[in-house]
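*Asks:* Listed below, chain by chain, are the residues.
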Amino acid sequence: MLPKIIDHLAPAASVKTSRRAFLVASAAAAGAFVIGFGAGPARAAGGAAAAPAQPVPFDAYLKIGADGKVTILSSQFDMGQGSYHGLATLVNEELGASWDQIAVEGATGDLKLYGNIVWGGAVQGTGGSSSITTSFDRYRKAGAAARMMLAAAAAKDWGVPAAEISVTDGRLMHPSGKSAGFGGMAAKAALLPVPKDVPLKDPKDWTQIGNAKLRRYDSKAKTDGTHPFTIDVKLPGMLTAVMIHPPRFGGTVKSFDGSKAKAMKGVVDVVATPRGVAVVGEHMWAALAARDAVRVTWDETKAETRGSAAILAEYEKRAADKPQATARNDGDAAKAMAGAAKTVEAIFRFPYLAHAAMEPLNAVARMNGDGTLELWAGHQLPGLYQAIAAGIAGIKPEQVALHIMKTGGGFGRRGTPDGDIVAEAVMVAKAIGYKAPVKVQWTRENDMRGGRYRPAYVHRLKAGFDAAGKLVAWDHHIVGQSIVAGTPFQGLIQNGIDQTSVEGASNLPYAVPNLHVGLTSTEVGVPPLWWRAVGSTHTAYATEVFLDQVAASAGADPLAFRLALLEHHPRHAAVLKLAAEKAGWGKPLAKGRFLGLAVHESFHTFVAHVAEVSVSGGEVKVHRVVAAVDCGTVVNPNVVKAQIEGGTGFGLGAILAEELTLGADGMVEQGNYDSYTPLRLSAMPDMEVHIVASDAPPTGVGEPGVPSIGPAVASAVARATGKWITTLPLTRGMQS
Amino acid sequence: MPKLNINGVDHQVDAPDDMPLLWAIRDLVGLTGTKFGCGQALCGACTVHLDGQPARSCQTFVGDLKGVKVTTIEGAQGKVAETIRQVWTDMDVPQCGYCQSGQVMAAVALLAETPKPTDDDIDAALDGNLCRCATYHRIRAGIHEAARRLEA
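If you're matching them up, the sequences are chains X and P in order. Note that the first sequence covers residues -19 to 716 in our numbering. Note that the second sequence covers residues 344 to 495 in our numbering.
Take the hints with a grain of salt, since some may be wrong.
[Unchecked claim] To spell it out: a stretch of chain X is covered by chain P in this simulated footprint if at least three of its residues, at any positions, have a beta carbon under 8 Å from a beta carbon of chain P; those stretches are:
no.: 1; region: 190 to 203
no.: 2; region: 206 to 220
no.: 3; region: 260 to 269
no.: 4; region: 337 to 345
no.: 5; region: 532 to 538
[Unchecked claim] From the derived model, a few chain X residues whose C-beta atoms are all more than 10 Å from chain P:
no.: 6; residue: 46
no.: 7; residue: 174
no.: 8; residue: 276
no.: 9; residue: 386
no.: 10; residue: 572
no.: 11; residue: 633
These aren't lab readings, by the way, just hints derived from the structure by calculation. Positions of the beta carbon are idealized from the N, C-alpha and C atoms, including for glycine.
Could you build the full structure based on these sequences and the hints that come with them?
*Replies:* Rendered as structure tokens:
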């Protein structure tokens, strides 16, 4: 969750990008109709528009070309989760275009237009599964406004009332038989005023939103190699750089000798930057083949030298102490615990996790002759990156133009508070004197060892029953790094509580009268970051597995025990019941098979998982998973299912076998997919996803599929073995 | 200069013998559908066909390809490839799509050899193709569906 970060983002909040000017100019040149990019009345080819007044919400979200092509300008970044398709669906519900004519591109600029409303509106960014929520009204209104303007233009042309014109599959039609495509009307529509009052369809008339038959507009290009990623960007004269980063976090370049590498064929330069040494070549292999020939001496006076085992051991000690800060305090947990007839305790240990997206991090930088800097990358936090890039280059933010690329995965890794790879590309371009455009392309090993991990955590939990067997006390202490401390997002820390550390634990839905959740934030030099589902990646596991253990200690069925405590949380209870019913909870299973379940709310979406598991020779095999999701109003049922399936696989891989460790020397021990091991196809269970019908406001699904699969599997493993796994990943926890 | 036959076209490339085919395809020939994921034949994103057999182009070297026909995702044609592509879009298999060139190439090779693959056949043929979005459930279903359509 990234609410209200805003006061701390002054640089980004004040950014006015050149993107706006760029788009108006290019659109005009192409003879396109931009739904008023730049505000006020829409602009037509030739720039026949009134001076922009205050921007209105629907006027910068799509453009229509003379060829009829509709390009939706997305404020939300797409790393594969389908946000572009989601926004296009919202627009097209109201616009009535044919899907064949629709394209989507990333846009950035005016925060009134693109600021994330879920975060308070003053920052543009993608995260916390908020894209559909922030876009739901905006993009529908944009589509409706465009349709009204096209219809008004046709009405004028044909001499008929606009109300008699209907729009279907990209055609404007009148009962008289007159009809036209969007392309022919676009230029005329652009001269009309943008309507102030834009009524939206009644949900009962929706044909796109909620349509289970609709498929993503962007799939085909992902099957024939034509979908462009940052790695595919090629500019005239462009060079490619590979990086040598410090071997320990916090190290910097003291000196380097690149002379041998520089003499090798195809190598153009070897340069130092504040983030490491770059070998710059005519192409990737030229740079890569020369990399080992560079000698670097590092300054490690400020480097983190502890290993992850030592870090976790310290966390475990601190978990026994009083927490630094309190995230939630109902009743008097200490007193209730002291008076409890029976208590249950557990310590959970969570490793660092890498995002390990398939496209290793990359960015392309080009300084132009007019002093503008163009950057191609996965700009998940565009305003922030623009400000950071401008700072490095010594230019104004509005001189930085961002080309927002869809990326080969992300899972949080493209949204770094320091700009990370984007900053690095500017640094390398600067270090070579801006003599050519440069692509910085990380290797898998750069990516794995580049930091920005889901932090390691230790959780201590204790529960108490009274003499009547009622759960009366719950004490939870979380120890680990803050993701946002020292970043522009540190406004998320309030009263010593980083919300991203405790989300999922401090809002425990179960009715326990005396409940305390505390946090101790640690200072470690390993750079942390949000990792798909953020705090819930560990809080869901700790709370749900512990609750399972608590239920078992009371001799209760895990489903019945939960439902009894969820009386005031009907949405949790509903997904849990639905998943349990579809999975056949309580019915006989094949020999050696066991079921486990878990439920969790993240980013206002509710998900329950039931996992069917067998354990053989200490190896866990997940055969089947049933998930239920309540994300309010469903925009794309098929995308919702895909995200829950994918989130499930992502979360399952993590708890089964993912672990990023630092050796006793402080160096990351994993480098590639042989040692850091995400889920593979053979381990993916058979899977079904059930959606709860709802007319509640829409919430996201990019992350909420992750949290509850882990505890559901652990719950099934406990049924099979009698043991709750408290050290992750399971490959480690099964042995301890 | 070594000669590469890619998608039926000969290319003279200015490349040392030890240059991985992946980078020759991407940076010298200019076909970017084949993706870099790991460089160590661990993820399958760079899968191409060498004389019809799937291979990891990041661990295949330019000097070893005399007389070998290389097929990349751009050159994958024919009934099996087109059926896979159609099923992939009908079922919305891809999410980010970065690994899908490799998945499609691996699936095409599988169905060309084994028209009615079992789940075990699919595991054996595609377990080396990582998908971090975990689209595996749909990849498996997609291969079965493509097999059905090809049989019909």
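*Asks:* Which earlier hints turn out false for this structure, listed by number in ascending order?
*Replies:* 5, 9, 11
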